[in-house]
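Chemist: Line by line, the protein sequences are chains A and B. Residue 878 in the numbering used here is what sits at position 869 of the first sequence, and the numbering runs on without skipping anything. Residue 833 in the numbering used here is what sits at position 141 of the second sequence, and the numbering runs on without skipping anything.
Treat the hints as calculated values from the structure; they're not laboratory data. All values derive from a computational prediction rather than experimental measurement. Among these hints, one or two may not hold up.
[What the hints assert, rightly or not] Below, computed lysine to aspartate or glutamate pairings styled on EDC-like, alpha-carbon distance capped at 20 Å: (1) B:Lys835 x A:Glu159; (2) A:Lys309 x B:Asp935; (3) A:Lys951 x A:Glu975; (4) A:Lys348 x B:Asp935; (5) B:Lys703 x B:Glu791; (6) B:Lys703 x B:Glu790; (7) A:Lys446 x A:Glu411; (8) B:Lys972 x A:Glu346; (9) A:Lys564 x A:Glu527; (10) B:Lys835 x A:Glu90; (11) A:Lys309 x B:Asp949; (12) B:Lys835 x A:Asp158; (13) B:Lys822 x A:Glu90; (14) A:Lys308 x B:Asp935; (15) B:Lys903 x A:Glu239; (16) A:Lys157 x A:Asp193; (17) A:Lys521 x A:Asp486; (18) B:Lys751 x A:Asp356; (19) A:Lys52 x A:Asp87; (20) A:Lys55 x A:Asp87; (21) B:Lys776 x B:Asp962; (22) B:Lys835 x A:Asp160; (23) B:Lys822 x B:Glu837; (24) A:Lys353 x B:Glu1039; (25) A:Lys428 x A:Glu386; (26) B:Lys1032 x B:Glu993; (27) A:Lys309 x B:Glu951.
[As the list claims (entries may be wrong)] A short list of chain B residues far from chain A (calculated; beta carbon distances all over 10 Å): (28) Asn727; (29) Val984; (30) Thr1021; (31) Lys1053; (32) Ser1058; (33) Leu1064; (34) Asn1080; (35) Tyr1094; (36) Pro1100.
Virtual Cβ for every residue (Gly too), placed ideally from N, Cα, C.
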Amino acid sequence: MQEWANQLCENRQFGSKMTDSKYFTTTKKGEIFELKAELNSDKKEKKKEAVKKVIASMTVGKDVSALFPDVVNCMQTDNLELKKLVYLYLMNYAKSQPDMAIMAVNTFVKDCEDPNPLIRALAVRTMGCIRVDKITEYLCEPLRKCLKDEDPYVRKTAAVCVAKLHDINAQLVEDQGFLDTLKDLISDSNPMVVANAVAALSEIAESHPNSNLLDLNPQTINKLLTALNECTEWGQIFILDCLANYTPRDDRESQSICERVTPRLSHANSAVVLSAVKVLMKFMEMLPKDLDYYGTLLKKLAPPLVTLLSAEPELQYVALRNINLIVQRRPEILKHEMKVFFVKYNDPIYVKLEKLDIMIRLASQANIAQVLAELKEYATEVDVDFVRKAVRAIGRCAIKVEQSAERCVSTLLDLIQTKVNYVVQEAIVVIKDIFRKYPNKYESVIATLCENLDSLDEPEARAAMIWIVGEYAERIDNADELLESFLEGFHDESTQVQLQLLTAIVKLFLKKPTETQELVQQVLSLATQDSDNPDLRDRGYIYWRLLSTDPVAAKEVVLAEKPLISEETDLIEPTLLEELICHIGTLASVYHKPPSAFVEGSRGVQHKRLPGSAGSGESVDSPDPGSAAGASEAPPAVIPSQGDLLGDLLNLDLTPPTTTGPPPAPSSGMQLGAMDLLGGGLDSLMGDESEPPPIPLRTDTPQSPQLHQSPSPPDYSPTELGGDLGGGAAMGAGFGAAPAAMPASFGAPVSGGLDDLFDLGGGVGMPMGAYSPPKTIWLPAMKAKGLEISGTFARRAGVIQMEMTLTNKAMSVMTDFAIQFNRNSFGLAPAGPLQILTPLSPNQSIEASLPLSTVGPVMKMEPLTNLQVAVKNNIDVFYFSCQYPISMLFVEDGKMERQVFLATWKDIPNDNESQFQIKDCHLSSDAASNKLQGSNVFTIAKRTVEGQDMLYQSMKLTNGIWVLAELRVQTGNPNYTVSLKCRAPEVSQCVFQSYEAMLKN
Amino acid sequence: MIGGLFIYNHKGEVLISRVYRDDIGRNAVDAFRVNVIHARQQVRSPVTNIARTSFFHVKRSNIWLAAVTKQNVNATMVFEFLYKMCDVMAAYFGKISEENVKNNFVLIYELLDEILDFGYPQNSETGALKTFITQQGIKSQSKEEQAQITSQVTGQIGWRREGIKYRRNELFLDVLESVNLLMSPQGQVLSAHVSGRVVMKSYLSGMPECKFGMNDKIVIDKQNKGGSSEEGGKSGKQSIAIDDCTFHQCVRLSKFDSERSISFIPPDGDYELMRYRTTKDIILPFRVIPLVREVGRTKLEVKVVIKSNFKSSLLAQKIEVRIPTPLNTSGVQLICMKGKAKYKASENAIVWKIKRMAGMKESQISAEIELLPTNDKKKWARPPISMNFEVPFAPSGLKVRYLKVFEPKLNYSDHDVIKWVRYIGRSGIYETRC
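All chains, full assembly: derive it from the sequences and hints.
Modeler: Next up, the structure:
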């Protein structure tokens, strides 16, 4: 390496003949010394050559910082080339020599005034790269001038320089008003200046997630779209990436932007194409599906995506990773393009593997024959990973396309006949899945599989084979012998195999109890006594107890019918997919991970979501359309990624991410799993036996890694078996802690405020108008190691509050409080973390008020207003349940129009009407009306018939359910009659109870 | 954005290292060398994540180019940039080799400073760059020249400078197609497509406005609708359906999108005007018919027939058929009617070369392959038979209809421009399974 630095200078065509090879053979110290002399030479050429040598040494990693003052001295020159070299040196070493770097400032400032625009730009560009605080102060003035320079080349360089300066000193940039200047540049006449300004602003905005820096409005969007047609290919990428962050106001705006972006799909630069695809994929969400244009757009997307596959292999790889996402989101785009994903013999392995993935996703009845033929070809290739994946793919085709199952199985059998070790093992793993998908159909092949028992050396294949033997024990004559042979080396097997073997032998025993008693005892003792693996031991004990207490029940549990496995596997979790679609073309889409998973610091923490998709078909869990609509009104929600969940798992008290918006109804297996973990924990803890957790089902099911992500019903995880409830609760809490801000509807409406004032003036004891029951003890100290919680619910200014008094009746200090709810009927969830900042000392009480949101996960509870809560502190996790008055859920805009009321009342069938009596109430009808209004029960009309006042009232629940009421008050009669009508009659009972409580209070 | 850019030789020694962002440390250079260049395994992905730092790499001969970042960058852009960087370097000093990189290191630094600012790619058109970054150091420029340079670098027509003059206005247009095929042993087309490029050399004065027309089905159909019907039947046959096309940045995309007309102000010299892809009605110039027979366990008989399928007046050139042989081949006997055939043990293949072959002809090779007996259970994978060739027509059927040049300011007209058009069809991946 050393001598090439020498060579470099010799070979430079215009170099002088000064270089001398002996020059470089001297020791390092001498070399530096010589260079010093040359740098200070009077001859320009000699100087230049010396600087070049310095740069060459720098490149190969030698430390030439000692030459700093000498190199800086060369800066004052008219020779632009020399200047550039000196600048390069400065950028590298200025940070290590901050004081001396100041020496360079004058030259920079002078250069920024140079008549030559190239020199002005060079100076401002380099100055921004010198990360020395003292220099940045001097940078401000020249930068300000350059941002307004007459030459566009200088302006475009200055625009990027603002981003550089922001990276060094963000405050300075804000104080100096550079951000505004940068915003002005978006309207610059030169397209390249616009593009660089957009790039700089986007980057700065990324580190200020909440600032409205990139204030995108239709006017700026229009400017960007105009510049898009005129700027360089790179500029087009910056602009398109920025456009992708915009959310159009309506479908018309969305369409008009799409129309102006589509021409970019014909650009030669793949990055321009993919960024355009990103914008289109995102904005398409807003277009009505029946629109002609929507169909046209879908058609336009396919050809450019296919064209990306004729690019260089590296780009193909990026394109394929992205197509993988696009196909999951919109399979219709590429469904006819199967052939282009066929693997070519010379494709690099990374391209081959990705193509295979997409082939499986696109496989359908129409093309399955071709796909299978291809896969069979691939299974004979050389690359082991690729062959394995191909074999697995055949199995997945069988599961996906029923008509092809038979052919797939015979293909797999053919492959097993090749006796290639890894092919056989892979085939057995997938055949097991096929058995599960089509029970009692292909078991005839078991004999062939058993022949290969000896060649299986991978745990997954062994486990699969054992599962097959156990599952079909009654059809395999020598099942006991086979399993026994595995048992010999029990302790050398991996956990996966051990667990499977345990289950398989128990199955065998239940099927052929007479012959296998010895075997089952052997395996149980191996699992429970000789193993230190808790999972294995626990499972062993469970079986043991099941078998010893109730063999019939054991049979029911162990041999229970298994749920069918899903067709689509390896699918990306929908919310993550939505986020990744917003990141098409970027690294996130290559890794299939959210940026927060691989980007440090504040950048990329911002989660992106597709527009307008919150309320669309995905909130399956919502019981009625009302609540789904409610979710879509909320601002774009943010879902913690798996990474966040893990982070939260480690630290329950992690402050919630500073992102906005509540999570929508859960739509992902991940979250369901997390919540269920808690729910199950609560159930079992409270002795609720109504739904026994399906432990055996899961433990019984061998899951290949691919199937792990399949959206199967949430099951127990091994953690649960280990009794680690804390972990489960923590995970749930981590999830629930995410919504920091409140949904828009929580903002106190004006009327509510007025009511409050009125109520205060009236001297009613209730400060906020709404009825709030007195506090009751929810969690007695006895049950919670000294922590007593009493509490109530209140609705204040449109926000539901859970008000608690926490009392420490134990001897030690309590800290680290956190709270988490189980799923409940109205999706109540903490809108923020439990704010108990000070530790709770013994015998101390503390008041805590927890704002609640109503966009949490929904599950119908019995009784309806039951709420199961988990509270954690430094000592343990505690569970309790309480009931909230349904009046908490009456929203402020629950006043119905008269006409609507009449129509609705008639519309609701009479079956849904229920009548109740309220006894011993001595209010007049007006007083009652006033009192109820405080709790958002609105009187719409009043009628007096024969001395009886009839009040017609309406209220609306947070999930959009309307309740209509008719309250009859007869003067002198303390008994009121309430008739309630609602489309969801189950709430009537609760509403009645609230009426009684509100009126009597 | 891109945090740094490194160039290594095949040993992993750093030739160029330019860091743009503070989050990329010096150790990043070594991390890539250790984990990728010196890795024992074959490269499994062009993007590598090492300790939360992402490395994008491309290889040119034995030179590695790596872009480094810690952010969620636009990955497609990074690769496009790396390719562009290679193009720019090649345009300055030819082949990208260790020798050339070392000899031009100052120039490369200068280029990197210009085309990547804080990790954001800037104008990277060689035409523009060459006006102010030269191998001969910096020329002194007059004030007008400077203004012209900056306006060109940042301008709307960044790829062409003003004031170009030629005594003879000439245009060379090459339609280069590569035809790709995957055929089953039974002769069924599994997949076939043509990826074509229109490559131009323009030596035109001033700022000429060009318009390019070809037998694009959509355009022809549109014209026929308006025009007379008798003509329609004739030209309709000759038009081709283009699946997709992409253009050099000089082409006005919005105009193509709305009118499907290709108009542009061309760069000076060589450039690629467009790329396109077709899948329908492809003329497959050759058909390969393989016949493989296993005679016992130690012998294999292979017969391959190739048929040329185009006008007999045309000549195909540089024909090469590559027939893979098993790894345990001990000897091969070959008989071929035309050309020369050779067994290349190092490549595990029989290579059969024919210099020229006219259309509508047929030729055949027979081979007897002796095999060493092995106890290897694994079957021979039978890689496909591949073919190379060059034909003087466009297998997609594309025809250039016109290429008009308008230069309103200078007084030369479309007629004064000398235009040359050439069609070359080459084999891409042209494989027949056996």
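Chemist: Indicate, hint by hint, whether the structure satisfies it.
Modeler: Checked hints:
1. B:Lys835 x A:Glu159: The given pair, whose Cα atoms are some 14 Å apart, holds under the 20 Å limit.
2. A:Lys309 x B:Asp935: 10 Å, holds
3. A:Lys951 x A:Glu975: 10 Å, holds
4. A:Lys348 x B:Asp935: 14 Å, holds
5. B:Lys703 x B:Glu791: 14 Å, holds
6. B:Lys703 x B:Glu790: 11 Å, holds
7. A:Lys446 x A:Glu411: 9 Å, holds
8. B:Lys972 x A:Glu346: Distance of about 13 Å is within 20 Å: holds.
9. A:Lys564 x A:Glu527: 18 Å, holds
10. B:Lys835 x A:Glu90: The given pair, whose Cα atoms are some 18 Å apart, holds under the 20 Å limit.
11. A:Lys309 x B:Asp949: Distance of about 11 Å is within 20 Å: holds.
12. B:Lys835 x A:Asp158: Holds: Lys835 of chain B and Asp158 of chain A sit about 16 Å apart, inside 20 Å.
13. B:Lys822 x A:Glu90: 15 Å, holds
14. A:Lys308 x B:Asp935: Judged against 20 Å, a Cα distance of about 11 Å means the pair holds.
15. B:Lys903 x A:Glu239: 19 Å, holds
16. A:Lys157 x A:Asp193: 10 Å, holds
17. A:Lys521 x A:Asp486: Within the cut-off at roughly 11 Å; holds.
18. B:Lys751 x A:Asp356: The given pair, whose Cα atoms are some 15 Å apart, holds under the 20 Å limit.
19. A:Lys52 x A:Asp87: Roughly 14 Å between the alpha carbons, so the hint for Lys52 of chain A and Asp87 of chain A holds.
20. A:Lys55 x A:Asp87: Holds. Lys55 of chain A to Asp87 of chain A sits at ~15 Å (cutoff 20 Å).
21. B:Lys776 x B:Asp962: It holds: about 15 Å lies between the C-alpha atoms, which stays within 20 Å.
22. B:Lys835 x A:Asp160: 12 Å, holds
23. B:Lys822 x B:Glu837: At roughly 13 Å apart (the allowed maximum being 20 Å), Glu837 of chain B and Lys822 of chain B satisfy the hint.
24. A:Lys353 x B:Glu1039: 19 Å, holds
25. A:Lys428 x A:Glu386: Since the Cα atoms of Lys428 of chain A and Glu386 of chain A sit roughly 16 Å apart, the hinted pair holds (cutoff 20 Å).
26. B:Lys1032 x B:Glu993: 19 Å, holds
27. A:Lys309 x B:Glu951: Within the cut-off at roughly 16 Å; holds.
28. Asn727: 16 Å, holds
29. Val984: Non-interface label on Val984 of chain B holds, nearest chain A Cβ at 14 Å vs cutoff 10 Å.
30. Thr1021: It holds; Thr1021 of chain B is separated from chain A by about 17 Å at its closest Cβ, greater than 10 Å.
31. Lys1053: Consistent with the label, Lys1053 of chain B stays out of reach of chain A, its closest Cβ about 27 Å off (over 10 Å).
32. Ser1058: 24 Å, holds
33. Leu1064: It holds; Leu1064 of chain B is separated from chain A by about 19 Å at its closest Cβ, greater than 10 Å.
34. Asn1080: At about 13 Å from chain A, Asn1080 of chain B clears the 10 Å cut-off, so the statement holds.
35. Tyr1094: 20 Å, holds
36. Pro1100: 21 Å, holds
This entry satisfies every hint, going by the numbered hints stated previously.
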